[in-house]
Amino acid sequence: MLYKKKWPLIVFLIPGLIMMGVFLYYPFISNIGNSFYNMSSVVRMPGVELNFIGLENYKNLFKDPYIKIALKNSFLMMILTVIFQVGLALVFAILVNSIRRGQQLFRTLYFFPVVISASALGLLFKLFYDYNGGMLNQILEKMGKEPVMWLSESLAFTMISIPVLWSYVGFYFVIILTGICDIPDDVYEAAAIDGCSGFKSVFYITVPLLRGVLCTCITLAVTGALKVFDLPWMLAEKGAPNGTTHFLGTYMYHTAFSNNNFDYGSTIALFIVVVGVIVSKAVDFIVKPDKNL
Amino acid sequence: MRKTKKAIALMLAFGLTMSMMTGCGSSDEQTTNNGGNTETTETTDGTEETSEDEACTLNVVTMMAGEDANTDNYNKVVEQFQKDHPNITIEDNSATADNDWKVQIEADFSMDNEPDVIQYFTDKSAENILKADKFVTLEEMQAENPEIAKNTSDVALEQTKSPVDGKNYAVPTTGYWEGLFCNKDLFDKYNLELPTDWDKLETAVKTFKENDIVPVALAMNDVPNYWIEFLMMTASTTDEFVQIPEKAPKSWVEGLSKIKDLYDLGAFSKDVATVDNEMAQNTFKDKKAAMILEGSWFLNGVPDTENTVVCAFPRWDGAKSEEGTAISGYSSGFYITKKAWEDPAKKKAALEFVLANTCDKQILTYWGGNGACSVPVPEGGDFNPLQVSGAKYAETIKNPVGPTDSRMTPEAFNGLKDNMVAIATGKMSAEKGINNMLKINSQK
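Chain order of the listed sequences is B and P.
The letter at position 87 of the first sequence is residue 87 when you use the numbering used here, and the numbering goes up by one with no holes.
In short: position in the second sequence from 1, add 1000, done, that's the numbering used here.
Treat the hints with caution; some may be incorrect.
List time: in silico DSS-like cross-link candidates among lysine-lysine, alpha-carbon distance up to 25 Å [as the list claims (entries may be wrong)]:
#	chain 1	residue 1	chain 2	residue 2
1	P	Lys1285	P	Lys1209
2	P	Lys1184	B	Lys145
3	P	Lys1439	B	Lys68
4	P	Lys1184	P	Lys1250
5	B	Lys68	P	Lys1432
6	B	Lys63	P	Lys1432
7	P	Lys1209	B	Lys145
8	P	Lys1288	B	Lys142
9	P	Lys1131	P	Lys1161
10	B	Lys59	P	Lys1247
11	P	Lys1209	B	Lys142
12	P	Lys1288	B	Lys145
13	B	Lys59	P	Lys1184
14	P	Lys1200	P	Lys1320
15	B	Lys63	P	Lys1439
16	P	Lys1200	P	Lys1392
17	B	Lys63	P	Lys1247
18	P	Lys1338	P	Lys1320
19	B	Lys72	B	Lys281
20	P	Lys1270	B	Lys145
21	P	Lys1427	B	Lys63
22	P	Lys1184	P	Lys1206
23	P	Lys1287	B	Lys142
24	P	Lys1427	P	Lys1209
25	B	Lys68	P	Lys1427
26	P	Lys1427	B	Lys72
27	B	Lys142	P	Lys1270
28	P	Lys1427	B	Lys59
29	P	Lys1320	P	Lys1247
30	P	Lys1083	P	Lys1347
31	P	Lys1150	P	Lys1076
32	P	Lys1432	B	Lys59
33	P	Lys1209	P	Lys1150
None of these hints come from the bench; they were simulated from the model.
Being a predicted model, the structure only gives us computed values, none of them experimental.
Bound-form chain B, shown alone (with noise of 0.2 Å):
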């Protein structure tokens, strides 16, 4: 036993279990017995009663069109971040790590984006993307070109993904830059001894050594891409144009702050917690992290 009296380890786990259930599980469960009454305001009045209203909001889940372009989106997303976040972040480690001069330098440049606030880079991109005189837009006026609606129905989407990928590039390439850096040097050695040339000794020493940091940065990027919200919603408020990039975040905090809508507000912010469980769950079955293959 490495504690012999039990009581300071209490001590000090106490204020944080009631910092948790203060923040997280009280108004946790406060959000799911909202979800049963009709809110126009998230205070309850005194001497005010609230509507019961039953599983109507959890209905109305089921008929929402742009909680399903949420859903869909949000998904989307997650695909993207896999292959786009965490893809380019170990093309990127493996590139970096094989030089031997301006190694850090690079890894100030990828890291950088991720300690800039989202609502700067939301409003950079809002810059970069307005239609009349948007930076892009000049350029092509410049070429001659016609200015292009980069925020349509159409473009939409993609465009908001590239601030929301590029930015997190950075998280994911230190974190396996670092396992990268791991690897013993005597089995790269070894390897080549045996004649592995450089890009055999990726596939075949560094990608199957890298696989617990690999699955843990896939959870990560999948969990996350659940909560995006700022960067969507500084781009494209309220899910412009006409509802079509509401991510689940963003769709749920328009619900609730926008429209005041705090009871169908909550049944959002329940169901992504759901959603989260499952596929975190559905992504650990799959990439088994812990696993030794």
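Given chain B's structure and the hints, the job is docking chain P onto it.
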């Protein structure tokens, strides 16, 4: 001793005179009605005795903060009030009135942590707080101090009645109107008449479109409110417009369908479905757009006050609204909470503070030529041409009506706002959009 008494009496008399001359809350009548800083009472031995305000802290909240045009004016009132009433400490928690602020205010009221004086909404958006019965009525305020809302117009009082029980709780200050702002220099450049009727509007739209000028600046995904209101209002009689029907009335459908006609005609910018309101406003201010439907609060932000004019919303043949009908009115005012009323010191201080903000002189300062004024406006005044244009437009409003969202729950009206792009692009019928709004409204 007698000399000292005389000196004190002279100083007090001087102070009293000065307090009557400065600040609008200290007239002769007010002093006799306990309205001034210094209360003069007759003692039993016939000598005069003075007593200052009881020391108290007054917690006040207004919407005049941040970018609000009246932030400085309000701060000056607070500063002067503190000088006039050194025993009263003002704890000012004014903030910009956005959704988060509203939630914060409701949370404060629900936790019995409400302010003593609050400038808040009077329409449907205040329903939750009004239902909690936390405010004293205007009648009670006037019983204590007849100066309160003494010159407030009947229209202002009528429009700020509680949607819960029809009583007056708030003292209104300034109101608003909504109208069509036009860049007159652009109209002149292309030899166009101002859009005083629908045909002229359509002609202007076609001409501007041909000349690469955005005819109408609008952020349809963000703030389509004014177009929803004016289109439905113009197509309806006043009674039809202010009702809350169960199903979409024909006139509302006819009016709202006009947004599709305008969209098809090319009245809006290509990015109308994605641009935010600030950017849309900027296209008008930068002369890239010819018209914008906005409220009187927009007057302050227009840089070219010489060449911008305000017009009435154009009517089309068969429109049922009366000439001179416009979205206009009062939707906020100063309230005193029952919590403050129960404390004698705070009650007096709260009445004084409300009076300082709602006396004629101060209301005229807050008004400043923008929107509607709840007290009579004297002749003259130093106003720019746009403010004069706005005032002339306001004079033509003979039948002011409140906007649709003052009668609908926010969820219901926002539901219609969400569908405006779909209605304009023909993906949803106006009837379905309105019915959807009415259905949500009936459920809440």
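> So which of the earlier hints does this model not fit?
Replying inline: 2, 4, 13, 18 and 33
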